[in-house]
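The listed protein sequences derive, respectively, from chains A and B.
Residue numbering for the first sequence follows the numbering used here, starting at 1105 and increasing by one per position.
Residue numbering for the second sequence follows the numbering used here, starting at 16 and increasing by one per position.
No wet-lab data here; the hints were simulated from the structure.
You can take every hint at face value.
Partial list, computed: chain A residues near chain B (C-beta under 7 Å): (1) LYS1307; (2) ILE1308; (3) PHE1313; (4) ALA1319; (5) ARG1326; (6) TYR1329; (7) GLY1331; (8) HIS1333; (9) PRO1336.
Virtual Cβ for every residue (Gly too), placed ideally from N, Cα, C.
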Amino acid sequence: MSPDKKILRLNNIWLTMLLFSLGVLTMPWWLEPIGAAYPDLLQKFAIFGIFAIGYNILFGLTGYLSFGHATFLGVGSYTAVWSFKLLSMNVLPAIVLSMLFAGFFAFLIGYVSLRRSGIYFSILTLAFAQMSYNLAYSVLTPITNGETGLQLSKQDPRIFDRLFFEAGEGLPSTTLFGLDMNGYQGFYFCAVLLIIAFFISLKIFNSPFGLSLRAIKSNQTRMSYTGYHTRPYLMAAFIISGMYAGLAGGLLAVTDPLAGAERMQWTASGEVVLMTILGGVGTLLGPLLGVGIIKYLENIFSSVNSQTLHEFFAFLPDSIVTLVVNFTGLFVGEGWHLTLGLLFMIIVIFLPGGLMQGFEKIKNRFTDKA
Amino acid sequence: MENSFFQIQGVNKTFGGLIALDNVNLSVEQGTVHAIIGPNGAGKSTLLNCCIGKLKPDTGTVTFDGRNVIGKTAYEINQIGIARVFQTPEIFPELSLIKNVMIPAFAKRDGQFKINWFKSLIDEDAIYEEAVKILDDFGLKEQMRHHAGNMSRGDKRRLELAMSLIQHPKLLLLDEPTAGMARHDTNKTIETLKKIKKSGMTKIIIEHDMHVVFSLADKISVLAQGAIIAEGTPDEIKGNPVVQEAYLGGTEDA
Chain A
1105 MSPDKKILRL NNIWLTMLLF SLGVLTMPWW LEPIGAAYPD LLQKFAIFGI
1155 FAIGYNILFG LTGYLSFGHA TFLGVGSYTA VWSFKLLSMN VLPAIVLSML
1205 FAGFFAFLIG YVSLRRSGIY FSILTLAFAQ MSYNLAYSVL TPITNGETGL
1255 QLSKQDPRIF DRLFFEAGEG LPSTTLFGLD MNGYQGFYFC AVLLIIAFFI
1305 SLKIFNSPFG LSLRAIKSNQ TRMSYTGYHT RPYLMAAFII SGMYAGLAGG
1355 LLAVTDPLAG AERMQWTASG EVVLMTILGG VGTLLGPLLG VGIIKYLENI
1405 FSSVNSQTLH EFFAFLPDSI VTLVVNFTGL FVGEGWHLTL GLLFMIIVIF
1455 LPGGLMQGFE KIKNRFTDKA
Chain B
16 MENSFFQIQG VNKTFGGLIA LDNVNLSVEQ GTVHAIIGPN GAGKSTLLNC
66 CIGKLKPDTG TVTFDGRNVI GKTAYEINQI GIARVFQTPE IFPELSLIKN
116 VMIPAFAKRD GQFKINWFKS LIDEDAIYEE AVKILDDFGL KEQMRHHAGN
166 MSRGDKRRLE LAMSLIQHPK LLLLDEPTAG MARHDTNKTI ETLKKIKKSG
216 MTKIIIEHDM HVVFSLADKI SVLAQGAIIA EGTPDEIKGN PVVQEAYLGG
266 TEDA
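Sequences are here, hints too, so could you generate the full structure?
Okay, here's the thing in structure tokens:
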């Protein structure tokens, strides 16, 4: 008797991967109608998708809510830029080093933070993140270049590149063996990594390792009395998610080779929490959905200004246009976070399981009738 | 007495001024069912908690199969072969029954630590098969894909028992396995426990229900106010006047 997929609620790996890869690689085509099909935004979808998938391995499976994952994003970016400065403009060493460094940081922070659980764990990770952020701004200025942010310069050594060719005029751009990493090429590079990242996460979700992480979320006391040494399992999940964040940070630097401390700020950590919850914690696709929606709406709402609002409400009588524009103006542009807050509240109140729960409900309604 | 399978020697435990355990000695022979009975607050659960690393006794030793148990953590104690069923069912409510039972089997195999992330649950034929079989034994096979959290209390307790048994522990500690169960469920549980009694697994049972105790136990220890006041076979205990005084209230005709 071999295990029954339906009973174990497992996904068909190869079918899922096929559909997922198709979906990701054809994004430039199917996002066209909603005006989201330009490289900058697509790159963001893929990069933050990787970030959220990794975060979901920790938060979604083990239930440990980290408020400091932007640290690893920042570490990844700084590492990548340093790799561009010192080693080579090739992106491969940059992203490999980003992941390694982020993993190392995750080990250090996780080692301390995972001694506590629940709210204490969250606060510890938040404290470490703010500490890293402030260090990056102040004493670590020689490494991070403080407020200005770390940038490429023509004087950088780039020792590997110099072995093969002379430095050109102007700032070099990031490449994958000669392939420039901007525009659609940059997106496809990120997309391939997103697909690999998703594959690993899918394997983890279906594995005994993933099951033990879920069981830790469900009842950690029982896990200890069942013979599981839970700490190293949590540690592994923490480091894996840290490395995902490092990869995302590295890719941010690949598509735009500079790194600033603001990438490590708590708002950035909070954003990935929002994305994961909005889409559906602990589900495979939920975090990606959250990323898509937040990044897309951010893109739309933050570009709206009072001029566009005036045009939009032009059909109203003049007397109230100003009033309406002034009011709605609070929710767009710089104030787009207000909209995000409202959206988040509505989702959490009506669909605590995120959008994926909404889909599940709709699906159940249809299957019940059938 | 020196080489008993499971031995508690001179265990004391106080909480503030309260003496919870007062120089408790207990030895359990391999393959027997040993019941610990006693009125509420006698220290029965405290005694078990001292055996599984939840509490540390003030003095005394607990040895299992020649190894010291005191100071070991909960998971280490499980790994040397002691499993425990709790008074309030400790299960994984968000997971399906089948997964609830598979987890302890994985724990036995790679509880120390092993990231076998590349292997899918679908490849775990042996563990899956055993889990299905054990759920079948407990009459839970029909519901195996449902969430464990939605079951009745009796079913949850039987699930927890199944979770312990899949590990084939050398010693099973049962904390009131039938508490809060309907008579029908109690009988089902007794039947199951009798079945596993035949397998020769050593068990320590804490129980209120005398019906359960007298139908299962080979030996009974009576705990009152933290001290063992009597020990013997079920028949000896039934006839013991001290026990009747302290526990049975002297009213029950044995």
